[in-house]
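Those sequence lines, one after another, are chains V and E.
In this text, residue positions in the first sequence follow the numbering used here: the first is 1, and each later residue adds one.
In this text, residue positions in the second sequence follow the numbering used here: the first is 1001, and each later residue adds one.
One or more hints might be untrue.
With a straight-line Cα cutoff of 25 Å, these simulated DSS-like cross-link-like pairs (lysine-lysine) come out [to be verified]:
1. K1099/E <-> K53/V
2. K7/V <-> K1107/E
3. K153/V <-> K16/V
4. K20/V <-> K1113/E
5. K1113/E <-> K6/V
6. K1112/E <-> K1058/E
7. K16/V <-> K1150/E
8. K20/V <-> K1150/E
9. K90/V <-> K153/V
10. K1099/E <-> K174/V
11. K7/V <-> K1113/E
12. K53/V <-> K1058/E
Listing some non-contacts, in silico: residues in chain V with all C-beta distances to chain E over 10 Å [unchecked claim]:
13. A74
14. E86
15. F114
16. S131
17. M147
18. L176
Source of the hints: derived by calculation from the structure; they are not laboratory data.
No residue lacks a Cβ here, since even glycine has one placed at the ideal position from N, Cα and C.
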Amino acid sequence: MWLYEKKLEYPVNIRKKDLKMAKYLMAQYGGPDGELAASLRYLNQRYSMPDDKGRALLTDIGTEELAHIEIIAAMISQLTNGASIEELEKAGLGAHFVQHDHGLFPTDAASVPFTATYIETTGDYIADIESDMAAEQRARATYEHLMDLTNDKDLLGPLSFLRQREVVHYQRFKELRNYYLENKI
Amino acid sequence: MNKYGTQDYYNYMNNNYNQPLYNQQNFNNANANSSDLFDAYTGFISGNMFPDLYNAYKISNPLEIEPMNEQAELLTYIDALCFADIDLGLYLDLYPNDKNVISLYNKFREQKKQYEQEYESKFGPLFLSSDALNSYPWAWDNSPWPWQSK
């Protein structure tokens, strides 16, 4: 089971409304390499890990990714708070408004809805872990693109934190993969 | 150096990632030395407790947390200690025999418990299992919720 802790893993306090960044951040909410996909990917794949190291690592990274969904959602929510319909339209969020008003909905930056195919579970743990390594790299690259698009420190703080977590997760998945290969597990 | 004056990730990959893994070095020999790790706050703002794995992009130094009130300040201590244990926990999942890191994990855990008690006595519960819920009226509903701007 999961327990809720009433705090973010990293604080989000955005002072300046920026609807374009809100739209771009959707990439990491409901996009193919976003945090929702990552959490569901690892939490589904953990059932086919061959030993306790793998079961523990995928459970814990999958759980951390749930906290990352919340960070991205907090950023989008604060960035769009109180935006007028005109402002939303100008930032390319007019279609979002039609279907979801100011509500959050998991799509990518181009408004393509989240799909379960992003979860990428094969049941082959080496294939799954290597796909996880690639996913962490793609997410790292996406965070770099997002960081390229803003100079607002209120956004760069959490984006930089989240990017660094991709670097660490990649490393841990790689170590797990190498451990399985070297020990013929 | 890239256009931002920070270390480019691909140089970083080539220079560092082909070295023996930080963790493999101590996997076979001694355990990770906890003095080689960041302190909890530095690790938290960096997003990484392991200096050897740290890799900057765009911003050359991690941004400081700037708490806007006492509640946010107290929460920053909890955030840092909570983060330190999340990151050490992932490491320990793979290296469960590392005594130094287990002892560091538990040191942070004890410190976090103390800050949590202080926070909850002043600002309400962080968990649905908190002692701070033995109060009237029901304290869980109180704002701010984590995603709300402070």
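Against the structure, the hints:
1. K1099/E <-> K53/V: holds (17 Å)
2. K7/V <-> K1107/E: holds (21 Å)
3. K153/V <-> K16/V: Roughly 10 Å separates the two Cα atoms, so the pair holds.
4. K20/V <-> K1113/E: violated (40 Å)
5. K1113/E <-> K6/V: Given that 25 Å is the threshold and the Cα spacing comes to 15 Å, the pair holds.
6. K1112/E <-> K1058/E: Given pair K1112/E, K1058/E is violated - Cα atoms ~31 Å apart, limit 25 Å.
7. K16/V <-> K1150/E: Status holds; Cα separation ~13 Å.
8. K20/V <-> K1150/E: Within the cut-off at roughly 22 Å; holds.
9. K90/V <-> K153/V: holds (23 Å)
10. K1099/E <-> K174/V: Between K1099/E and K174/V the Cα gap is close to 23 Å, so the pair holds against 25 Å.
11. K7/V <-> K1113/E: Holds, at about 15 Å.
12. K53/V <-> K1058/E: violated (34 Å)
13. A74: violated (4 Å)
14. E86: holds (22 Å)
15. F114: The assertion about F114/V holds, with a minimum of 19 Å to chain E.
16. S131: Given a closest Cβ separation of 18 Å, the condition holds.
17. M147: It is violated; M147/V is separated from chain E by about 5 Å at its closest Cβ, not greater than 10 Å.
18. L176: violated (6 Å)
Checked against the numbered hints given earlier, this structure breaks hints 4, 6, 12, 13, 17, 18; the rest are met.
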